[in-house]
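Each chain, written out:
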Amino acid sequence: MERFLDPAVLAGISSLDLLAKTVVDGFVVGLHRSPDFGFSQEFAEYRAYSPGDDLRYVDWNLFARTERCYLKRYRGETSSQLTILLDASNSMQYTSGQLTKMDYARFIAASLFYLAIRNQRDAAGLIVFDDDVREYVRPSTRQGQLMRLLAGLERAEPHARTDYGRPLRHFQALLHRRGIVIVISDFYEEPETIVRTIQPLRFHGNDVVLFHILDPQEVRPDLKGPSILVDLETNQRMEVTSEYARSTYRAKIQAHIEQLGSRTRATGMDYHLLVTNQPLDAALREYLSLRKAGN
Amino acid sequence: MGFLAPWFLAGVAALGIPVFVHLLRKHVTTPRPVSSLMFFERGIQSSTRHHRLRYLLLFALRSTLILLVILAFAQPFVRRAATSTNDRLLLIVLDNSFSMRAETRFAEAKQQALAVLAAKPSAQRAQVIALGGQVEILTQPIIDEAQLRSVLEGIQPGDGHANFGELGRSIRAIVEKTHSPIDLHLFSDMQRTAMPANFADMALPSSVAIVLHDVAKSKVPPNWTIESIRAPAQLSDPKDTKQSRVQAVVAGFDTPEAVKTIELLVNGKPTASRKVNVPASGRATVEFAPIDVGYGFNRCEVRLAGGDAFPQDDAGIFVIRRSDPERVLFVHAASDTRSPLYFSAAFGAIGQSSFILQSVTAEQTTDLDPSKFSFVVLSDAIALPSIFEHALSQYVSKGGGVFIALGTHAGQHQRIPVWGAEVDNTHDYARIGRAARISQIDLTYPALQQEQPSRDNGGWGETKFFYAVSVDPGKSRVAARLNDGTPLLLDKQVGEGHVLLFTSGLENLTNDLPLHPVFVAFIDETARYLSGRERLSGSQLVDSFVQLRSSAAPMSEAASVEVVDPDGRRPLLLSEARTAQTFRLQRAGFYQVRFANGRDSLIAVNPDRRESDLQPIAPDIQQLWSGSNRGNAPVQATVVDDIKYHPVNLWWYVMLFALVVALAETALASRYMGTQREEA
Chain A
611 MERFLDPAVL
621 AGISSLDLLA
631 KTVVDGFVVG
641 LHRSPDFGFS
651 QEFAEYRAYS
661 PGDDLRYVDW
671 NLFARTERCY
681 LKRYRGETSS
691 QLTILLDASN
701 SMQYTSGQLT
711 KMDYARFIAA
721 SLFYLAIRNQ
731 RDAAGLIVFD
741 DDVREYVRPS
751 TRQGQLMRLL
761 AGLERAEPHA
771 RTDYGRPLRH
781 FQALLHRRGI
791 VIVISDFYEE
801 PETIVRTIQP
811 LRFHGNDVVL
821 FHILDPQEVR
831 PDLKGPSILV
841 DLETNQRMEV
851 TSEYARSTYR
861 AKIQAHIEQL
871 GSRTRATGMD
881 YHLLVTNQPL
891 DAALREYLSL
901 RKAGN
Chain U
783 MGFLAPWFLA
793 GVAALGIPVF
803 VHLLRKHVTT
813 PRPVSSLMFF
823 ERGIQSSTRH
833 HRLRYLLLFA
843 LRSTLILLVI
853 LAFAQPFVRR
863 AATSTNDRLL
873 LIVLDNSFSM
883 RAETRFAEAK
893 QQALAVLAAK
903 PSAQRAQVIA
913 LGGQVEILTQ
923 PIIDEAQLRS
933 VLEGIQPGDG
943 HANFGELGRS
953 IRAIVEKTHS
963 PIDLHLFSDM
973 QRTAMPANFA
983 DMALPSSVAI
993 VLHDVAKSKV
1003 PPNWTIESIR
1013 APAQLSDPKD
1023 TKQSRVQAVV
1033 AGFDTPEAVK
1043 TIELLVNGKP
1053 TASRKVNVPA
1063 SGRATVEFAP
1073 IDVGYGFNRC
1083 EVRLAGGDAF
1093 PQDDAGIFVI
1103 RRSDPERVLF
1113 VHAASDTRSP
1123 LYFSAAFGAI
1133 GQSSFILQSV
1143 TAEQTTDLDP
1153 SKFSFVVLSD
1163 AIALPSIFEH
1173 ALSQYVSKGG
1183 GVFIALGTHA
1193 GQHQRIPVWG
1203 AEVDNTHDYA
1213 RIGRAARISQ
1223 IDLTYPALQQ
1233 EQPSRDNGGW
1243 GETKFFYAVS
1253 VDPGKSRVAA
1263 RLNDGTPLLL
1273 DKQVGEGHVL
1283 LFTSGLENLT
1293 NDLPLHPVFV
1303 AFIDETARYL
1313 SGRERLSGSQ
1323 LVDSFVQLRS
1333 SAAPMSEAAS
1343 VEVVDPDGRR
1353 PLLLSEARTA
1363 QTFRLQRAGF
1373 YQVRFANGRD
1383 SLIAVNPDRR
1393 ESDLQPIAPD
1403 IQQLWSGSNR
1413 GNAPVQATVV
1423 DDIKYHPVNL
1433 WWYVMLFALV
1443 VALAETALAS
1453 RYMGTQREEA
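Taken in order, these protein sequences are the chains called A and U.
Everything in the first sequence is counted per this note's numbering, starting at 611 for the first residue and increasing by one.
Everything in the second sequence is counted per this note's numbering, starting at 783 for the first residue and increasing by one.
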């Protein structure tokens, strides 16, 4: 199954719809062994009637056959709302292979949309931002919502730098209802700033998850020698030694990841580091676990 | 060390190119995009690092390459000492030919040679060669002056005839072996007769510097000599004036007209004396007849009285053997009456009183013993009694001679007795109407030799052959052939003896040879050859060879030969006496020889009379010779006082090294380029 979730394999699929279907179907097939996950409108268990129980839940058919009174319990059907905040800044264009961080983020978002709409019948929406909100697709369960979301993803092309402050003010205005909010970004900002900016979403009762997308070369850069590096967002140039990239940089990025993770978790949000050479199932698994938690 | 073109060294400035590339030029790196520079810091040391020699080896190779190319253009050279005197081989050639006995030539030559040897630097190698009848290399190249002097002093004048062509060949062989330059000093009277027929034979390689020491000083003293002697080798009747006479030719070289007295000595005793008027630088013949000699070998000498500057050549020696007439067996077919007639007539014409011809038919040979005859003639006598044929074979193997003539009877029989082969075919030229003629004849062959052969092949060209038998020559020597290729006269050695096969008859039916005068000469020479008289007595020249035994004789059955030289010594060792096939007569005088077949012989050996002509080589030819190995440059002095140097250009080696460095640079640069591509 993992082959179908491999980003390198998925990169060859041009249609996001097909890609998302491939990912989700493959993912779901791999879930049947897990008893912990279920779906709405599903039978859960029988329980012996006890006085005070709502008679609406008595299985009268069973009572007719057995003259025993049992309650038929279902898993409660919840209507959850998924909103994905996708960072479309220039830094998301970076790649050390064939798959950019933006592509990887698109794949994740598309897969999550597919899973939410087709499988969970959840409302799903999309906010694409960089230094402002560039695209907004209102969360909905209407017919054609998935296509709208995927089209929004297709249109999301990186072309500016990231600024979490401005778009987040709009987020609060756009997100009326509680739900699951997934922020997909490379988070090249101070963790404190990020948490301070995103934290209000959590205060509104959303389950907020940060998907931190990084390229393998960003985690463990390997420079053969002294190199001139160009910032994709600011076009600033800097001459860097390979020794620095091998030692100090790695320590710094690692500290940044750990700090971001700890701070987000400390504020009740969830954090996941996704490296673009990893399969996509981690993100899907995280979504389903959140949904099971009761949203 | 120096430079032939030092101005090219200005190109050293080109070394700045790799210095600029590796040291001064700013390193250019393709910018690499990153998401953010948030966690990066500027690396100050990266820029300084490129200013260091990152590719130290590549820089070194490139600098070396440029330096080498510049050096190659500047043409560096080293001074190498020119071949020093010590590296040159001093070759002392002392002429000890017979002519060096004249006056004090040999003593002067030896003295000069010793002087040159004394002047030799102590470290120089030298070699001593004696030039006589043969070129004798007496030492190896050595520096021991005492040994060289000893060898040089030990050289004695010989009786041989020098040949500068032989000297040239020997020197060329030495040059090929030693590979070192040679200073050749030739001490000789530079006799004109020592010149080879082809001047190229005496030309020397360029590495040989020849210095000619003419001990005769171009003086030509008048010299009379006994040039030749004609005398019978064997004599049976001293009173037979046809045979018993000696003719001597007196020759004068650069002499005025003079009356000379010639004496004939037999066994050391003067027996006759004649006076003869010898024209200026001319020749005169004197004759002594009859000769009074005793039985056995007689040591005879014709001596020129009066003396001159070269008294050693005033006498000529020869040997006359007196014996009773020997019998010759002539076997012919019963029906053949012509061949005995012609053969006996020829015998009578040559006056061979020393032979008695016994003519018998083939059927009458049963009781005859061939060993009692000097030689045997089988004239068309193919069908022999087996007893006689066997005895004849034994006779030949022990040294006897058989002359076989094949007439018309031979065509009726296949096998040729004694010869050991069969008749292949018969040619009846009369039937086809065109007689065969002789197309090829070897006039050096003993039975055919003539002193002055006429143009028509010595008279053989006029003869016609109407009938001949074809025989496979095999290993025999073919002395004459007919124009259709049929061998006419063949000689085969059988054991110690010889068999002559004449493939036509001895009568006038199969050819017209008996009707020609050459027939008489042919029978005369054949009789001399087959009887072995010429071998057993007479005279030879110095350095000629005597055949002691047949080469075909098996070694196990070989009998010892014995040679006693003019001094009474035996020059052959015991082992050589059992194996030697030939012996070189290297001294003048009388040699006593006992051949392997048991026959004794006394051989008179005279020096080559060309040595009596003391005329030297013309000065221009001498100069040509001494300069032939170095163009027209004058003869160089032997001893070089100052060590000379000559530059050895090293540009070729430098370019070769540069090529190697260029290849290494290419390989290394490719490797670095590959690394850079990977990094990019």
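In short, the hints are calculated from the structure, not lab data.
Careful: at least some of the hints might be erroneous.
Said to hold, decoys possible - No farther apart than 25 Å at their CA atoms in a straight line, the calculated lysine to any residue pairs in the SDA-like style are these:
id, chain 1, residue 1, chain 2, residue 2
1, U, Lys1246, U, Pro1122
2, U, Lys1024, U, Pro1122
3, U, Lys999, U, Ala985
4, A, Lys834, U, Met820
5, A, Lys862, U, Leu819
6, A, Lys834, U, Thr1448
7, A, Lys834, U, His804
8, A, Lys834, U, Ala1451
9, A, Lys834, U, Ala842
10, A, Lys834, U, Pro800
11, A, Lys834, U, Gln857
12, A, Lys834, U, Lys1024
13, U, Lys1154, U, Gly1380
14, A, Lys862, U, Met820
15, A, Lys834, U, Gly1380
16, A, Lys834, U, His967
17, A, Lys862, U, Pro813
18, U, Lys1051, U, Gly1350
19, A, Lys834, U, Pro1122
20, A, Lys834, U, Phe841
21, U, Lys1024, U, Pro800
22, A, Lys834, U, Leu839
23, A, Lys834, U, Leu1450
24, U, Lys1024, U, Ala1091
25, A, Lys834, A, Glu853
To be verified - Every beta carbon over 12 Å from chain A, so not counted as near; a handful from chain U, in silico:
id, residue
26, Pro815
27, Leu840
28, Arg954
29, Asn1049
30, Ser1141
31, Ala1165
32, Asn1239
33, Leu1450
For glycine and all other residues, C-beta sits at the position ideal for the given N, C-alpha and C.
The hints, checked one at a time:
no. : hint                  : in the structure
1   : U:Lys1246 / U:Pro1122 : holds (20 Å)
2   : U:Lys1024 / U:Pro1122 : holds (23 Å)
3   : U:Lys999 / U:Ala985   : holds (22 Å)
4   : A:Lys834 / U:Met820   : holds (20 Å)
5   : A:Lys862 / U:Leu819   : holds (12 Å)
6   : A:Lys834 / U:Thr1448  : holds (23 Å)
7   : A:Lys834 / U:His804   : holds (19 Å)
8   : A:Lys834 / U:Ala1451  : holds (18 Å)
9   : A:Lys834 / U:Ala842   : holds (24 Å)
10  : A:Lys834 / U:Pro800   : holds (24 Å)
11  : A:Lys834 / U:Gln857   : violated (45 Å)
12  : A:Lys834 / U:Lys1024  : violated (121 Å)
13  : U:Lys1154 / U:Gly1380 : holds (15 Å)
14  : A:Lys862 / U:Met820   : holds (10 Å)
15  : A:Lys834 / U:Gly1380  : violated (105 Å)
16  : A:Lys834 / U:His967   : violated (79 Å)
17  : A:Lys862 / U:Pro813   : holds (22 Å)
18  : U:Lys1051 / U:Gly1350 : holds (20 Å)
19  : A:Lys834 / U:Pro1122  : violated (119 Å)
20  : A:Lys834 / U:Phe841   : holds (21 Å)
21  : U:Lys1024 / U:Pro800  : violated (107 Å)
22  : A:Lys834 / U:Leu839   : holds (20 Å)
23  : A:Lys834 / U:Leu1450  : holds (19 Å)
24  : U:Lys1024 / U:Ala1091 : violated (36 Å)
25  : A:Lys834 / A:Glu853   : holds (9 Å)
26  : Pro815                : violated (5 Å)
27  : Leu840                : holds (16 Å)
28  : Arg954                : holds (70 Å)
29  : Asn1049               : holds (115 Å)
30  : Ser1141               : holds (120 Å)
31  : Ala1165               : holds (112 Å)
32  : Asn1239               : holds (100 Å)
33  : Leu1450               : holds (18 Å)
Hint check: violations occur at hints 11, 12, 15, 16, 19, 21, 24 and 26; the rest are consistent with the structure.
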